[in-house]
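Asks: Whole structure, please, built from the sequences with the hints as guidance.
Top to bottom, those sequences are chains X and R. Reading the first sequence from the start, the letters are residues 1 to 408 in the numbering used here. Reading the second sequence from the start, the letters are residues 1 to 314 in the numbering used here.
No lab work stands behind these hints, which were simulated from the structure alone. There may be inaccurate statements among the hints.
Here are the simulated BS3-like cross-link-like pairs (lysine-lysine), alpha carbons at most 30 Å apart as the crow flies [as the list claims (entries may be wrong)]:
#, chain 1, residue 1, chain 2, residue 2
1, R, K108, X, K4
2, X, K4, X, K18
3, R, K278, X, K10
4, X, K4, X, K406
5, R, K278, R, K228
6, R, K132, X, K18
7, R, K111, X, K18
8, R, K108, R, K29
9, X, K18, R, K141
10, R, K131, X, K18
11, R, K132, X, K10
12, R, K108, X, K18
13, R, K141, R, K29
14, R, K179, R, K131
15, X, K4, R, K131
16, R, K228, X, K235
17, R, K111, X, K4
Pulled from the structure, derived: some chain X residues nowhere near chain R, Cβ distances all over 12 Å [said to hold, decoys possible]:
#, residue
18, I6
19, M24
20, M39
21, R113
22, V230
23, F262
24, A338
25, A381
C-beta atoms are modelled at their ideal positions from N, C-alpha and C, and glycine is treated no differently.
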Amino acid sequence: MPGKFIALVKKEFIVLAKDWHGLMVLFLMPAAFILIMSMAMENAFGEHKRLSISYTLLNQSNTPLPAALLEKLNTIPGFDRVPLPNDSTRERVSRGIIEGDYQLAIIIPNDFRQRLISTTQGAETALPPAAELLLAPTVKPYIQQIFTASLSAILIRQKIDWMLNERTAPNAAPIVPQSTLDQLGQLNLGATYIYSEADVAPSTPNAVQQNVPAWLVFAMFFVAIPLSTVFLIEKQQGTLLRLRVMNIEAPTILLGKLVPYFCVNQIQMVVMIAIGILIVPLLGGQNLSLPHSMLGLILISSACSIAAIGFALMVATMVRTTMQATTIGGVVNIIFGALGGIMVPKFIMPETMQTLTYISPMSWGLEGFLDLFLRQSGWEAVLPEVLYLSTFGLFCTTIAAYRFNKAY
Amino acid sequence: MLYQTIDLCKEYGKPPLAVLNQVNLNIPKGSLFGLLGPNGAGKTTLLSILTGITPKTSGQVLVNGVELEACIEEVRATTGVVPQDLALYPMLTAQDNLNFFADVLGLKGAKRTQNIDYAVTTTALNHHLNKKAQDFSGGLKRRLNIAIGLLNQPAVLFLDEPTVGIDPQTRRFILESIKSLNREGVTIIYTSHYMDEVQNLCNRVAIIDRGTILIQDEINQLLRHQGKNELRIHFSAQNAEKLVRQLPAFPHLTVADSHTLTVETSNPFTVIQAISEKLSAPENEVEYIAYGQQSLEALFLSLTGSDTRDNDAR
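Replies: Okay, here's the thing in C-alpha cells:
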C-alpha cells in the first residue's frame, strides 16, 4: 500500500506541476492581495505611531508674530505646516481646506496680542478667542484635541511672555527667563505597549503584519477550488473508478490528495512570508517581523492546511459538477474571508461582528497567525486555534471519506 | 465457465427499483463475449457487479466456480477494465499515465517494464509516449485508455464501448487488437452499440433488456435459430423513407436506415417482382440487393423493440 500511496502522491505532484497556470494563481492571488492591501492600509494601521497632518497659519494681525512663537508652531510633532502666499485671506484658506491642501488652519486675528493678554474678572469663557481653528470634516476628534492641546501650550507660553516680561524695565532681566518659557507646555509622559509575553521585544502592529497572515489563510482555503475541481473531473472521467478496480481504497485516494496540497499550502506560507519580509518594504511598506516561535508557525500553518484541505475534500464529495465546485468553493471561501477578518480587519469591526468572526475557520487561522506575527506569542498561544482548525479539518475529512466511500 | 451469474439481482433506491432481475449469464473462458442492450438495459450495472465495483442485491456471481466476493483481490489482479469514459489523466503524457497506473498496480522492476511494453505495443502507442494525453486525437486517447487496461496483462478484459467517437481506421485497429488479444487467450467481455462490430468481433453474445437476459448463445447459433431471412435493398441516395410510402403494403417491410429497406421474407423473388417497377425509376438508383440471414441488429431490434430508450438505469 505505501507504494500505491506514493504513486498517488507523485501523480498529484506531476499533475500540479503540469498545470502551472492553476498553480501560479494559488501564489499570485494572495501575493497581489498582500502587496495591494499592505500599501492601501498602511496609514490605517500605522496611524497611532506616525501621525502626519498638514496645517497652515494665516496671520491677520497688524504686527509680525514673534519668532519664538512661529518656531514652536513649526515643531508641533506629527503636524506639518504648509506655507501660505502673502496675500492669503480667510476665504482662500477655507478653500484650501476644502480642496485638501491642508486639514487644519490657524487664523491669527488682527488684535491677536490684545486678545491673548486680555483678562476678565468673570467666567473664563468670556475671554475672547486668541486664535481661530479651521478644520476639515475628515479631521478626527482626537487629532483636533492633540492639535488644540499643542497650540494651547504654545499660546500660553506666549501669553506669559507678553504679560510678565514686557512689563519689566527695558534693560531689566525678564521675570520669567526664556529657558523657562521654552519648557512651558513640555511635559514628557512615557508610553509603552503591553504584550502578552513580557520577555518579547515589543513590536507594533502594521499593515503587512495583518495582511500577510490574512491573505495567506485565504489562499490556503482557496485550494478548495482546484482540489475539488480536479477531484470531480477524475470522478467524471472514470479515473477514480479505474483506481478502485485496481484495488485502491477510498481513504488512500483522499490521503493521496491531502499530502500534495498540504505541501502547496506550506510553500504558500513560505512565499507569502518572504513577500512580507522582502518585497513589501521595497514598495515603501513596513517589513514583516518574523514570529518568535517557529514551532508555533509550523503548528498553526499545518492546522490551517488540514482545515482547508478537509473543507476542499468535503466540497468535492458533496457537489455534482465542476461548476458547482467552483461556485460553492469560491462563495463559501469569500464568506469565510469576509466573516473571518480577512477582508476587513477584525479590530475595526463592531463588537457583534467581532463575535461573529468566530464561526469562520479562517478567523481561527488568522488569530493563530496574529498571535505569532503581531503579539509575538509562544507556540502555546496558538494551541486553541490549532485544536479548532484540526477538529474542523478532521470533521470535514470524515464527512468526505464517508460520502466518497459510499459513492466510490 | 469463467464467469457465471445465478439469479443475479440488483436494486437501487427506495422504494427499490430492480435494475437487474434474475440474471443468469455464462461467460466461457477464452470467449470474446458481446453484451448488448439498449440504453438503460442494465449493461453497465452488470459489468460493475462482475468487476466487483458494485455490490449485488441477491443471487450469485461465480468466477471459476468461486464466489466473486471471496476472490475479489485475485480477480482484480487478473482483470483489466477499459471504461467507456477516457479514464486517464489528460495533463500527463502517455508515458506518465502508464507509469502511474503501473505503480498503482504494484508493478515493479522487469515485470513493470515488460507489462508497459506489452500495453504500448498492443495499442501501437510507441511513437506517442511523450505527448500529453490532452493533445491526443480521439483515437489515440481510446488506445491509451485500452493500454492502461492492459497493464496487468489481464486474463480477462472488460471493454465498455471502446470504439465510441473514433475514425474507421482507429476502430479497425482497435478491433483487430481485441481479436489478437483474444487469440492470445484473453477472455474479452465487450459492450457496444455497434451491432455490425459485435457481429464481426464476438463469438458469443448476450442481449439484455430491462434488467433481464433475453437471449445468450454463440452468435452463429443465435442467428441461425433466431434470425430470419431478409431481403436488403440498398440505395445510393437516401431514398428509403420516400420509397416505402410508394410501395404496396408488405408485411415486415422496414426502413433499416435512410439508404436501406429490409423485408423479412422466405420468398425474395416475389417481393422483387412486386416492387420492380418502382425500383427501376431513375431516381431510385439501387446499389445492391442482398438476401440472407437476418443481421444481429435486426435480431436485436426484434427482441428489444424499436422504441427509443430515454432512461439509462445505471
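Asks: Starting from the hint list further up, note which numbers the structure goes against and sort them upward.
Replies: 3, 16, 18, 22
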